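Asks: So the chains spell out like this:
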Amino acid sequence: MDSLIKKLARSQLVIPLFSLLLIIVFNLVRDVGFFSISIVTNNQGYPVLSGNLISILNGASAVAIMSIGMTLITSCCKGQDISVAAVAAIAGSVFVSVLRSREITIPVLIAAFLYSCLVSVLFSIFNGILVAVFRIQPMIATLILFSAGRSIAYWINGGATPTISNPLLAAVGGFIPGIPIPTPIIIMVIFLILISLVLKFTTLGLFTQVVGINEGTAHLNGINPVVVKLVAFVISGICVATAGCITVCRIGLINHETLLLDAEMDVILAVAIGGTALSGGRFNLYGSVTGAYIIQALTVTLYAMKVPSAAVKAYKAAVIIIIVVLSSPKVKDFIVHIYKKLFKKQENIKIPVKAA
Amino acid sequence: MQNGIVLSMRNISKSFPGVQALKNVDFTLRKGEIHALMGENGAGKSTLIKVLTGVHPKDSGQIFLDRDGSLKEINVRSPQEAQNLGISTVYQEITLCPNLTVAENMFIGRGSYRLVNWRTMKKKAAEILTKLNIPARATQQLGTCSIAVQQMVAIARAVDMDCRVLILDEPTSSLDEQEVEKLFSLMRDLKSRGVGIIFITHFLDQVYEVSDRITVLRNGELVGEYEVKDLPKVQLISKMMGKDLEDVSAIKKQSVDDEKTDVPPVYEAAGLSSTNCPNAFDFRISKGEVNGFTGLLGSGRSESVRAIFAADKITGGRIRVNGKEVKIKKPRDAMKHGIGYLPEDRKRDGIVEDLSVRENIILALQVMKGFFRPFSRAEAEAFADKYIKLLGIKTASMDTPIKSLSGGNQQKAIVARWLLTNPQYLILDEPTRGIDVGTKVEIQKLILKLAEEGVSITFISSEIEEMLRTCSRLIVMRDRKVVGELKGVEMTQDNIMHMIAGEAVHSG
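The listed protein sequences derive, respectively, from chains A and B.
Under the working numbering, think of the first position of the first sequence as 1, with each following residue one higher.
Under the working numbering, think of the first position of the second sequence as 1, with each following residue one higher.
In case anyone wonders, no lab produced these hints; they're calculated from the structure.
On a predicted model such as this, the values are computed, not experimentally measured, just so you know.
Hints are supplied without guarantee of correctness; some may be wrong.
A short, non-exhaustive set of chain B residues, derived as facing chain A with CB atoms under 7 Å [as the list claims (entries may be wrong)]:
{"#": "1", "residue": "Ala311"}
{"#": "2", "residue": "Pro331"}
{"#": "3", "residue": "Arg332"}
{"#": "4", "residue": "Met335"}
{"#": "5", "residue": "Pro343"}
{"#": "6", "residue": "Asp349"}
{"#": "7", "residue": "Val352"}
{"#": "8", "residue": "Asp354"}
{"#": "9", "residue": "Leu363"}
{"#": "10", "residue": "Ala364"}
{"#": "11", "residue": "Gln366"}
{"#": "12", "residue": "Val367"}
{"#": "13", "residue": "Phe371"}
{"#": "14", "residue": "Phe372"}
{"#": "15", "residue": "Pro374"}
DMTMM-like cross-link-like pairs, simulated, lysine to aspartate or glutamate; straight-line CA separation at most 25 Å [stated by the list, open to error]:
{"#": "16", "chain 1": "A", "residue 1": "Lys78", "chain 2": "B", "residue 2": "Asp345"}
{"#": "17", "chain 1": "A", "residue 1": "Lys200", "chain 2": "B", "residue 2": "Glu379"}
{"#": "18", "chain 1": "B", "residue 1": "Lys329", "chain 2": "A", "residue 2": "Glu215"}
{"#": "19", "chain 1": "B", "residue 1": "Lys336", "chain 2": "B", "residue 2": "Glu452"}
{"#": "20", "chain 1": "B", "residue 1": "Lys330", "chain 2": "A", "residue 2": "Glu215"}
{"#": "21", "chain 1": "A", "residue 1": "Lys200", "chain 2": "B", "residue 2": "Asp354"}
{"#": "22", "chain 1": "B", "residue 1": "Lys347", "chain 2": "B", "residue 2": "Asp385"}
{"#": "23", "chain 1": "A", "residue 1": "Lys200", "chain 2": "B", "residue 2": "Glu381"}
{"#": "24", "chain 1": "A", "residue 1": "Lys78", "chain 2": "A", "residue 2": "Glu215"}
{"#": "25", "chain 1": "B", "residue 1": "Lys191", "chain 2": "B", "residue 2": "Asp68"}
{"#": "26", "chain 1": "B", "residue 1": "Lys327", "chain 2": "A", "residue 2": "Glu215"}
{"#": "27", "chain 1": "B", "residue 1": "Lys31", "chain 2": "B", "residue 2": "Asp162"}
{"#": "28", "chain 1": "A", "residue 1": "Lys332", "chain 2": "B", "residue 2": "Glu353"}
To list a few chain B residues with every Cβ distance to chain A over 12 Å, as calculated [to be verified]:
{"#": "29", "residue": "Ser13"}
{"#": "30", "residue": "Ser15"}
{"#": "31", "residue": "Glu33"}
{"#": "32", "residue": "Arg67"}
{"#": "33", "residue": "Glu73"}
{"#": "34", "residue": "Leu85"}
{"#": "35", "residue": "Trp118"}
{"#": "36", "residue": "Gln150"}
{"#": "37", "residue": "Arg213"}
{"#": "38", "residue": "Gly224"}
{"#": "39", "residue": "Lys229"}
{"#": "40", "residue": "Lys287"}
Here a beta-carbon is modelled for each residue, glycine too, at the ideal position from N, C-alpha and C.
Given the sequences, and given the hints that come with them, work out the whole structure.
Replies: See the structure below:
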């Protein structure tokens, strides 16, 4: 039991899981039926799952996917990429411009996705070179695309915000006919499986953390920090393109101004809640993904409580302050301190009992 | 006033986890003297200063400071408090703000939060600068001054705060000769004003040029306090390097006959140089040989081995491994050719502090195995377990973050990292620094055992005794140049010291 508590205290997943649990319990107390899932028939006539839980899982997909890349960048570059949402807008615009140029079939859809991935990865490498080679602070380096990204997206479709509607896109952004689970959730699960495989079959996790914790040691042990950082940016590029394309499919149009607006902050927040220090080093990918779900759960809860949409952000901020303060080292030390005190007292009581 | 003593430290002890940094050290500073504090790395110089300035609390002992003519015990709890008591420190790296003016730098953060009177400040600064003969204008941006002048401004700032004890920690390491002269005349000037100066440096000539008295520390213990005129340079070096660890006389080294020419050397370099080691040098090591680079701190011994491992950018040289010409341009190349390197600064270049002991141990082998072939958890655990047992690494578990281990055990984990790669040539730069005596002996024994098994080893230690005990050949360095090589019967402490001091070597 004692070792379990120690293990929990060390684990980075405690706070995010605890916060998620708290939100779930809060909702269950407030409304027992909050998480009930029902089957409804959608406008295409297929039975699909519906409910708050589904909308949380579905709505968080884009942020969760981007948080994977952000976690890697945070870990090895000791900073954040604030251009992810802007680059997602570029990727989405590229995706739409390819789709609009010909008839949409599955191969065209895949080609469009790959093409937007390529563009997004190139922009991400641009960030990566500034950070890894020129050693510019990540937040400053990515400020460039943060400001310019949406303008670039604007040029790609000639300033228009075209809508595209097609059953194939609806299947990607909504439901595949016959499958009752929203496709973004499926894509997120595939992504998680992929990244787990990458972590299992490469040394990405170890190298990224070594570079983030001690670049000098990394260099002297034959790791090239520049390459590791660039790899993180490339992976992030793929994540960002995926998030951008999913969102385009879901809403059926590309608006370079509003696509995933302010999402970069949610992504960074997800990483922070997930237990990865924003100053780099040890990371926890699953924690970041959990963080994304916490944020979405919070948003959905607030909407369910009929909080006006303009006020949601303030409420969100208040809850997030609590989570972040709880996971701060000071509070952690304090809790460990109190735990030790209690534990010692018990010991002191035990000794005289034995003597007697 | 008792013999003009301004500061007296008595029986100071301080220990860190796993290391006794100071053992009953006494130190006395008189009014108007320049007192050099000497000792090799890990001797306890900086710990003593940090105890004095309140950075570290002392475990035991007393500090007395002259106050109005009589010595009173003081208890310094923070650098701020030390400064208020008149104890100021000027560090090696300039700790001022380069983008503020000289005057601003002299007066910022001095404890008063009143409104600034710029004109008085400028006037006062100008006065001090003229008084101390510092060639700078009060309104000049500090960053535009030379490093020496910046250093002097830092000193002027300390002096103006009524300091009676001025600590100069390696003030000359980034200055050229002329600048050093300017600094020295300022030091002499302050001395004549009655300031007691503690001067820490590793440049022996400078000690003899400017100091009145020398206190030597070794391994956290006081060796003695001497008048400069009573202590010739050679004796100072011998006192700094010293003799201890008599208990390891059981260690017997094997003499490797490196004259055997039928087998090419394991590693051979001709004209090797790097950005940090600009003077090209030749070097070779045979199978199973233990050799070492010796010289004082800053003599270029670490830079030389870094060049061998290509830790710095290589600027020239031809390298042969086992007789075959190869290119070693980055650490990865060196690793491919079976070279391992344990860096001098364990904390900065050795450990990955937040990662577990297990991850730290497998790191180098994992890099060599490749990005797409990670070790499974079970494999990694088997490796870590084997070496934790083999080297007796004391850790709660293999998943414990390495930063919570003691220095000696961290060092063993890094040694384990390289042993795991099964190297044919291992470079150990100060593997015994800052760790307890028991572990030091274990590491020396390990070196000899590895050599017996055919591993070639280059060993560097600030403790000359350790090197004499383990090495069969010593390369002596001074001022970033190889000045000689000693082997067999020539290898005596006397000869090494004479060679370092630049005097003729007595044979035998």
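Asks: Of the hints given before, which are not true for this structure?
Replies: Result: no hint breaks.
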